[in-house]
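Top line first, the protein sequences correspond to chains D and U.
Mapping of the first sequence onto the numbering used here: residues 1 to 436, in sequence order.
Mapping of the second sequence onto the numbering used here: residues 1001 to 1305, in sequence order.
It is worth saying that the hints were derived from the structure and are not from the lab.
Don't take each hint at face value.
Reference listing, derived: stretches of chain D covered by chain U, where coverage requires no fewer than 3 residues with Cβ under 8 Å from a Cβ of chain U [as the list claims (entries may be wrong)]:
#, region
1, 203 to 210
2, 308 to 322
These stretches of chain U come out as covered by chain D in the derived footprint (C-beta under 8 Å, 3 or more residues) [to be verified]:
#, region
3, 1099 to 1107
4, 1124 to 1131
In this text, a Cβ means the ideal position worked out from N, Cα and C, and glycines have one as well.
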Amino acid sequence: MIQALDTPADLVIRQAHVLDPASDLDGVADVRVSSGRISEVGQNLRGLRELDADGLHLFPGFVDVHAHWRTPGREDEEDIESGSAAAAAGGFTGAVMMPNTDPVVDRPVVVSGLVRRVERESRVRARVSAALHMGLAGERLTEMRLLKEAGAFCVSDDGPGTRPAGLLRNALLYARSANLPVILHCEDHALSTGVVHDGVAASLAGLPGSPASAEDTATATALILAAETGAKVHITHVSTALSAALVGFFGERAYVTADTTPHHLTLTDDLVSTLDGLYRVNPPLRPDHDRAGVEMALRDGVLDFVATDHAPHASEEKELPLEEAAPGFLGHETAFAALYTDLVLGGRLPLARLVEAMGCAPGRWAGEGGSLQVGAVADLTLVDLSESWTVQRDTLISRSSNSPYLGRMLTGRVVATMVGGNLVHDRTGAKFGLRT
Amino acid sequence: METRSFLTLEDTSREELREILDLAGAFANGRVSDPLADKTVCLAFFEASTRTAVSFELAARRSGAHVISLSEKGSAIAKGESLIDTVVTLDRLGADAIVLRHPAAGAAALASRHTSAPIINAGDGRGQHPTQALLDLCALQRSLGGFDELSRRRVAIIGDILHSRVARSVIPGFVQAGIDLALVAPGTLLPPDAGAWGLPVLSSVDEAVGWGAEVLYMLRLQRERMAGALIPSVAEYSRFYGVARRHLQNGALVMHPGPVNRGVEISGDVVLDSSSLIPDQVAAGVCVRSAVLTLSTGAISKAAA
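All chains, full assembly: derive it from the sequences and hints.
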């Protein structure tokens, strides 16, 4: 872990509004951090070093289980340093790196190489997801037990998904015996022949559409196989109302969790009428009835948490006609602010549920962080809920700039992020200089 | 001089349509001479085209413009140069207008963001083909006796609407001109939300005639879509979605953007003579495109037209 910034031995964060639904904390308090862990939460704490956080909110660090840091292979778009810096700037203290890189993360030597690079280059706790099958080609299983020994945290088919259901079933059975969680990208390629959601906007614009059934049938297959095999399955980027309902149906019947993304919660497919390649993403932006269904499922806990599917792309892959552009959005730096602005300030999601969905729940899934209770690792996010800011190309920390929120004014800004008590993001360095 | 791009007909008003068609009429009557003298028109075709390319080239030359043609073969386009690079290059070389054909929807709009030269969309993917709809209106109004005669006429658009950029320009253009439209296609060749246009959807040419269609606008069915997953067979398609002799008994007119698949959209035994507007459409293409090029470069302003 990079320790470029100040590393206090003992620190008190004073007078922040501490909000952690997992520990029932909701009020102004002081938090003491010792040896990288939270050692005390209370009133009138004093420390050798103090950080005045009056007026700010303190949350458990956010965890993003779906990040594409493009390493190895496309370091021109993102690498571990820039991806983790972008994550830290968005308040994330942990992330899971997806395996659809070049080469694919399907061999133990690639995993161990990534794990070593993460130790040197990452600002946040980055975990490596290995591929579910060789080359993500849907033909041969990966050496899951060796991948796990090499340091893989989970396995995933993200990117293409898994075409043959028979192979998916075997992969889930094998992952279960390897004791690895599986993150699944649900997409039926026989149905997903288009580039945007097959709806009104696509019809009028003349863009080839993929129907919602492309996601829904694959989600149903994945859930049925999860129930049958007993594997620990996480369905990522749920984007339709029906898929969310299917996850709800299987909630009691399988060892399953699911996430949705900030963009599927805040944007709809009418953006594709701009024909701008920036707005191509997979799964595609959906109509508002799907967006609303996904939002309700997140609010009710049917969808467990939010993950960003942070997918950097070089500008030459986005400044193209929409159907030729690469699919994907940046996610880390705008996730909290976009959701706070649209859902919390819009009165549609309580702030506590958003904090749970970005911090507590994914932290529990990832096995570390996600809590401010005494003894927990000091993975923290300090946010100024009163600050409004405009998303601009040249102030993004990611190496790419394909954010669908470019030019949008958002409210709520991460001002500092700590991992194990180390300041890994400090937007207003002067203000947060530690006083001895 | 004010320039303007022609990317789509979605936002074109009735008065703008009338203005363009009036100018096209002036070109047809030889009342406009060399409005584009000293102008350079570039034809950038990223997709094969014979008819549209020839029509635009004639339109530009007859208006006195210099014409530079880039097509797939032997040009930078064949070498995989990007759309934006090509457009920026043409812009710096001094193009006064760029006519663009491209296989992806939105290409013309993207190009227009990277050049100050007006872009004329000559067809982009399934998106738009505005000059086709304009020449269709031009041919139709001439046959009916003037622009105002278009109002409340009944036109059925028949065939592969899903994949058709022609349909996506014809529908808004014809609606703005006051024409009543109906769509005729099987579910596999209709967009899922065809209802978004707010038009009736009919299930055969017979039904269209029963609905009172005075014009049967046939769309071309591409060869690769003729058998298999989208339609079961050409025989079944032509039986329900093709023009047969009986459909023309009450004086209905036939239009088609060309080239016609005989025996598919139009039965082999149909004699297209007085009932066909197809040759008129082709002829209207040149004067309409002259008008569009002239308006796009600002060589003739609205008032003068």
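Quiz item: For the region 1099 to 1107 of chain U, do three or more residues have a beta carbon lying closer than 8 Å to a beta carbon of chain D?
Solution: Three-residue rule met by the region 1099 to 1107 of chain U, so holds; n is 5.
Quiz item: In terms of beta carbon proximity below 8 Å, does the region 203 to 210 of chain D have 3 or more residues touching chain U?
Solution: holds (count 7)
Self-check item: Given coverage of the region 308 to 322 of chain D by chain U, checked by CB-CB distance under 8 Å (3 or more)
Solution: Held - the region 308 to 322 of chain D has 5 residues with a Cβ nearer than 8 Å to chain U, which meets the minimum of three.
Exercise. Would you check chain D against the region 1124 to 1131 of chain U, counting CB to CB pairs closer than 8 Å, and say if three or more residues qualify?
Key: holds (count 5)
In summary, this structure violates none of the numbered hints.
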